[in-house]
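Colleague: Now for the letters of each chain:
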Amino acid sequence: MELSKAWLLYQIVAHHQRLQARRHVMFERNRAMKIFGYIFVAFWAVYLILLGVSAYGLFSDRALEAFDWIDGGMIWFLILDFFSRFAMQETPAQNIKQYKLQNIPTVFLLHTFLLRMGLQPYNFFWAFFFVPFGLMAIPQFYGFWGLVGYIGGWWLVFVWNSYWYLLWRTLLNRNYLFLAVPVIIYVALAYFGIFFNEENQWLFNGTIRLMRGFCQWHPLCLVIFFAMSTPLYIINYKLQKVAIYVEIAKTEEVKTFKTHNMTFLDGFGIIGEYLKLELKSTMRNLVVRKQFISGALCMLMLCGLFSFTDVYDGMPFMRVFICVYCFTCLGVMTLTTVMCAEGNYIDGLMVRKETVLSLLKAKYYFQCIMLLVPSLFSLMPIIEGKITVFTALGCLLFASGAVFPFLFQLAVYNDVTIHLNEKLTKSGRDTKVQMLMSGAALFLPMLLMYTLVECFNEDVAATAMITIGLIGTLLHPLWLNHIYKRFMKRRYQNMDGFRNSR
Amino acid sequence: MNLTIENLTKSFGQKQALNIDHYAIHSGEIIGLVGNNGAGKTTLFRIILDLLKADTGCVTIDGILDGQPVSCDTAKSEEWKAYTGAFVDASFLIEYLTPEEYFRFIAKISGISDAVMEERLLQFNSFMNGEVLGQKTLIRNLSMGNKQKVGIIGAMLHYPRLLILDEPFNFLDPTSQLAMKYLLETYSKERKATIIVSSHNLTHTLDICSRITLLEHGVIIKDYDRDYALLTSEIEAYFKGNINI
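Going down the list, the sequences are from chains W and B. Residue numbers for the first sequence follow this note's numbering, beginning at 1 and rising by one. Residue numbers for the second sequence follow this note's numbering, beginning at 1001 and rising by one.
Every clue listed holds true.
Straight-line C-alpha distance at most 30 Å; calculated BS3-like pairs for lysine-lysine:
1. W/Lys258 with W/Lys361
2. B/Lys1136 with W/Lys290
3. W/Lys489 with B/Lys1108
4. W/Lys485 with B/Lys1108
5. W/Lys258 with B/Lys1136
6. B/Lys1015 with B/Lys1222
7. B/Lys1076 with W/Lys361
8. B/Lys1053 with W/Lys489
9. B/Lys1222 with B/Lys1192
10. B/Lys1108 with W/Lys353
11. W/Lys489 with B/Lys1015
12. B/Lys1053 with W/Lys353
13. B/Lys1181 with W/Lys353
14. W/Lys241 with W/Lys5
15. W/Lys238 with W/Lys97
16. W/Lys361 with B/Lys1053
17. B/Lys1076 with W/Lys485
18. W/Lys241 with W/Lys97
19. B/Lys1076 with W/Lys353
20. B/Lys1108 with W/Lys258
21. B/Lys1192 with W/Lys353
22. W/Lys485 with B/Lys1053
23. B/Lys1189 with W/Lys353
24. B/Lys1189 with B/Lys1108
25. W/Lys489 with B/Lys1076
26. W/Lys353 with W/Lys489
27. B/Lys1108 with W/Lys290
28. W/Lys97 with W/Lys290
29. B/Lys1108 with W/Lys361
30. B/Lys1076 with B/Lys1192
31. W/Lys5 with W/Lys97
32. B/Lys1108 with B/Lys1136
Since the hints were made in silico from the structure, they are not lab data.
Make the full structure from the sequences, and use the hints.
Modeller: Below you can see the structure in the form of structure tokens.
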């Protein structure tokens, strides 16, 4: 291929990659998420700068130089970097697919994507740590060019790590068990290279020497880098070449499903039918299932902490915190996206009479049934006298009669469809309103209960929560109907949103 | 079952998607809605089904509910939903159910017992062609054609007096297309139902419809009664771009 054509194609691919990042589905319709993303990056950048500055302070008056301590711990940086890439880095095979039928040699595409993998901005991200740290630690020993060599050296280390990550990420796509290999390698390196023999910390000392070499622009360091990177690049090249075809031929594994009529719910009429939908949606859709499992695990963990440990004994704030969260966390984690799963088939629901009202009722009953789990767990601290029956009852009723009605308001405003079988990060969750409401649903009950406990006592707090919760629970047909009417008023806007985000 | 459209307009930004002064569909008619992409067929269906808000105008459906005649503005009442069945696209399907579960769900919320549902499903046997029931698979894992079949059967299961189908011949294999034609003709005769279908398949549409409405840029430019010879030649000519209608 002519050099000018190769350069042109490279520029086109690079441009597409930039567009892909900018127009990521997660940000497309969700401005809040986009802003949140920038804030997240800015937060970590500032955090790394602060860490870099404090690291110098922390290690500056020890036997070794500050940079030696940091360089000796290279393995920890590599581990952190490796696992953080799971959220950021895609494999070239996933991206090459769309160019496969174009008149571009696959070899060229593979090299382009692999090269760009080394040049990706994420490999520079650690510079937020190493530039301020290096500025304070290096020039006094190696001068300005030593600093440049030092930062460049670390960049090359992360470039190498990106290829190392790519190798395992590609294999992981075939079988999750491949994750065990890098984990074992990291553990073995850390153990045998640093902890096993304190007299001979070969990894610690080796990485110190390597980075000192970079500061001195020692050619051997570059030789080591290329000697370690070239085989990795070649292995990745060969692996990606095969992976393209695996990616193209990828088909969803079709499981067989037995028809479940769940006849035990037949007695509940139409609501029973929607309860069946709710159960099947939770069991069969990846995103809904993950949401539910995360919520349930969080709930079980808090319940377990509360019931079987004495970690929070004598800490009134934490006791209130855990007690309230046991009952609300599942609701918060699943109801935040209420109606978003239904966005996938909202048209089918809307051409049938009052289906959304029945659906909302079924969702409410489902959440109330799930409250039985923390109720059972709370028996233990009740028996042990950590909390009173009143407090547990207060939290239970407050969840069903105040927190749930609050979260169900999102049924009126949620208008982004979640993609039921995508990864959670790609499913289109967490709009601005959802984030605000879930935050409020988590903190307001705790604030209320804590204030009442502090101002009066636990019994008064529990009585207040029981009263509020009981009223809300008994009035659920009224507020659900009200939500349904408001949903119907906003239906065109919501359906439009659901349709556009499918 | 009559359907009347009055002063209906809908725009998306600057683009007018629909502009219909008056359009009436009478009981027992099979209407074929034809037009090129962007003509406004699906938009019209969505507005009829109250899935999209019209800028102006209204759609009224007259029907019989519990033995009493009713007349509903589809945007203001939900009564029409009891005697209307529709399938526009996959967003009408609950894809994490098996076809059997989906039909059972539709039957239950329409007040149909399991026995009646199973009896009604028998009528669709040749249409399903052994590819829908008993597959032990979720709707989302079915082929597009079989998804289409599930959607169409789901729309017809409660025997609606008004049936609206958007592109019903899409994705269907030739055998299923013929079965679909037969199904619609029989259903219309037996149930005295009004059927509105849109399609790019002129042959099938002309074969089964008693009336053809031609849409262009949201405007009804021709409404043909069944004068078959004239209708066929004119419509074909229109799509060939040889005639200025």
